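Undergrad: Take a look at the letters that make up each chain.
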Amino acid sequence: MSELQKIVLAEDNSLLSSLLKFRLEKEGYKLLIADNGKKAIELIEEHKPELILTDIMMPFISGLEVISHVRYKLNMLTPIIVFSAAGQEEIVLKAFNLGATDFMSKPFSPNELVIRIKRLLR
Amino acid sequence: MNNEQSFFEYLQNSPPIIELVWLMISIFLLSIFISIIYLKYLRSHLRNNERIRGTYQMKYELNLITYLYSGNEDQEISPQQQIIINKLKKDLSDPFKRSIIVLTLLKLKNEISGELDESIQKLYFQTGLINFAISKLRSKKWYVVAKGVRELTQFHIKEVHDEVITLINHPKNEVRKEMQLYLVNLFSFKGLDFLDLLQTPLSEWDQIQLLEVLQRFDDQQVFDIKPWLKSSNDTVVIFALKLADIYIQFQAKEDLIELLAHKNEKIRIELLNVLGNLNIIVAKSIVMSNFSECSQEEQIAFFKMMEKMPESDDEPFLLEYIHHENFEIKLSALKNLKMINSSTFNIHKHLGTDPDFIRIVEFLEHN
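Respectively, the protein sequence lines represent chains A and B. For the first sequence, counting from 1, position 9 maps to 8 in numbering that gives the first Met the number 0; every step adds exactly one. For the second sequence, counting from 1, position 294 maps to 293 in numbering that gives the first Met the number 0; every step adds exactly one.
There's no promise every hint is true.
[As the list claims (entries may be wrong)] Derived DSS-like pairs (lysine-lysine); straight-line CA-CA distance at most 30 Å:
1) A:K37 - B:K88
2) A:K105 - B:K176
3) B:K106 - A:K37
4) B:K108 - A:K20
5) B:K252 - A:K20
6) A:K5 - B:K89
7) A:K29 - B:K108
8) B:K121 - A:K20
9) A:K29 - B:K58
10) A:K47 - A:K25
11) B:K89 - A:K20
12) A:K105 - B:K106
13) B:K88 - A:K20
14) B:K106 - A:K38
15) B:K88 - A:K25
16) B:K241 - A:K29
17) A:K105 - B:K108
18) B:K58 - A:K38
19) B:K229 - B:K307
20) A:K5 - B:K106
21) A:K25 - B:K303
22) A:K72 - A:K29
23) B:K171 - B:K241
24) B:K176 - B:K121
25) B:K121 - A:K105
26) A:K93 - B:K106
27) B:K108 - A:K117
28) A:K105 - B:K96
29) A:K20 - B:K106
30) B:K89 - B:K146
31) B:K89 - A:K93
32) B:K146 - A:K105
33) B:K171 - A:K25
34) B:K108 - A:K5
Calculated from the structure, these hints are not laboratory results. Computed from a prediction, not measured in an experiment: that's the story for all the values here.
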């Protein structure tokens, strides 16, 4: 039996995290949740996930710092999808410059997220 | 015992002022003690409240996720969803629980779109939460009304438009602001129709908030601003001028020019800025013909407007003002002159002895 593909989700909205966990686990992924950037980095280092989902604005360590840590400290090529809010266009550009793979603007459709994840993990 | 006795004896033998000081110290210490007890009680009460809130929040979050993923395509509402609706309905009678349910729905509604967002909307109707929000509109307390309108905005309830619009001239600014945001958030530029009826002032902050909402819409088709330019409410006219400027309403040119004769100086000054941005050149000759009767603020605004649309025909007019006593007018006149005819500027730059004039010329030559 093949091992489940792991996804780390860094998101401080507990309800959104639970919703995505429910949805993505139904699709056959193992979701590891962090409610701040610091915890996300710990999970990434420990589990070496196949994909990272991160919100930009988070307590302690922001999404940008998570991307930077993954790309430049851990030297990982893991795809990273960034969640942004309206009006954060400049920060999204910074995220791409740091090495983000894709972004979704909130509010977003979980179904669309699943499609993007499947495409990236194909 | 002896100490206590001697203290009371000391008090009895003390002058009244000392007795008063001791009395005040006692009252002060007592009030500190009572405050400490009260704060400790308040802290434990708030912590307790927070803990209960957290427990209910977790419960409702779980209910919501189960609701969202237990639907099926055959039925509008699955039996499992109906169970959750009934559970939530039971809790709605308690305002504390109701507020947590509303917050839980909003917590997710602001983050997701598509089918799940529609399901949350459906749940808001099916549980009857919408009726509580509508009933808030009839409250005698203004803050309850404002909260009701805000909730209806957050849940995008367009159906209550006719009830919300009745608050248009509510005595409290907070209520009016929520009403305006409701209309613009839900009906975009069409929502601005409330400006036709607005009699109360539209503050600068209200205007900024409305513009901020409007710029989020993809369809940037502004409705006819002409009636608002003619409004008897001066703040509506100023807002219409902002709309004309931001959304380049050149088609309202005639109505904008008419406003040059408006009785409110603030409007006339704002208008000059807009006319300059829209490059309505014909306005220049109208103002020039009446220039001496304008206030100094207007004159400065007019020169700034001229900087935006320089023409060689302006030269004789500008030459009249290059030695004006007002620094800003002098600066603008010289700047304009340099822009439209540098040789005339070079001739006149030596004709001034006023230190400000010399400083301005030096500045313009190096910039």
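Undergrad: Now tell me, hint by hint, if it's right for this structure.
TA: Hint check results:
no.: 1; hint: A:K37 - B:K88; verdict: violated, 39 Å
no.: 2; hint: A:K105 - B:K176; verdict: holds, 25 Å
no.: 3; hint: B:K106 - A:K37; verdict: holds, 23 Å
no.: 4; hint: B:K108 - A:K20; verdict: holds, 17 Å
no.: 5; hint: B:K252 - A:K20; verdict: violated, 56 Å
no.: 6; hint: A:K5 - B:K89; verdict: violated, 40 Å
no.: 7; hint: A:K29 - B:K108; verdict: holds, 25 Å
no.: 8; hint: B:K121 - A:K20; verdict: holds, 23 Å
no.: 9; hint: A:K29 - B:K58; verdict: holds, 24 Å
no.: 10; hint: A:K47 - A:K25; verdict: holds, 21 Å
no.: 11; hint: B:K89 - A:K20; verdict: holds, 28 Å
no.: 12; hint: A:K105 - B:K106; verdict: holds, 12 Å
no.: 13; hint: B:K88 - A:K20; verdict: holds, 27 Å
no.: 14; hint: B:K106 - A:K38; verdict: holds, 22 Å
no.: 15; hint: B:K88 - A:K25; verdict: holds, 29 Å
no.: 16; hint: B:K241 - A:K29; verdict: violated, 52 Å
no.: 17; hint: A:K105 - B:K108; verdict: holds, 10 Å
no.: 18; hint: B:K58 - A:K38; verdict: holds, 25 Å
no.: 19; hint: B:K229 - B:K307; verdict: holds, 26 Å
no.: 20; hint: A:K5 - B:K106; verdict: holds, 26 Å
no.: 21; hint: A:K25 - B:K303; verdict: violated, 63 Å
no.: 22; hint: A:K72 - A:K29; verdict: holds, 24 Å
no.: 23; hint: B:K171 - B:K241; verdict: holds, 24 Å
no.: 24; hint: B:K176 - B:K121; verdict: holds, 27 Å
no.: 25; hint: B:K121 - A:K105; verdict: holds, 20 Å
no.: 26; hint: A:K93 - B:K106; verdict: holds, 27 Å
no.: 27; hint: B:K108 - A:K117; verdict: holds, 24 Å
no.: 28; hint: A:K105 - B:K96; verdict: holds, 27 Å
no.: 29; hint: A:K20 - B:K106; verdict: holds, 16 Å
no.: 30; hint: B:K89 - B:K146; verdict: holds, 22 Å
no.: 31; hint: B:K89 - A:K93; verdict: violated, 48 Å
no.: 32; hint: B:K146 - A:K105; verdict: holds, 24 Å
no.: 33; hint: B:K171 - A:K25; verdict: violated, 50 Å
no.: 34; hint: B:K108 - A:K5; verdict: holds, 27 Å
Checked against the numbered hints above, the structure violates hints 1, 5, 6, 16, 21, 31, 33; every other hint is satisfied.
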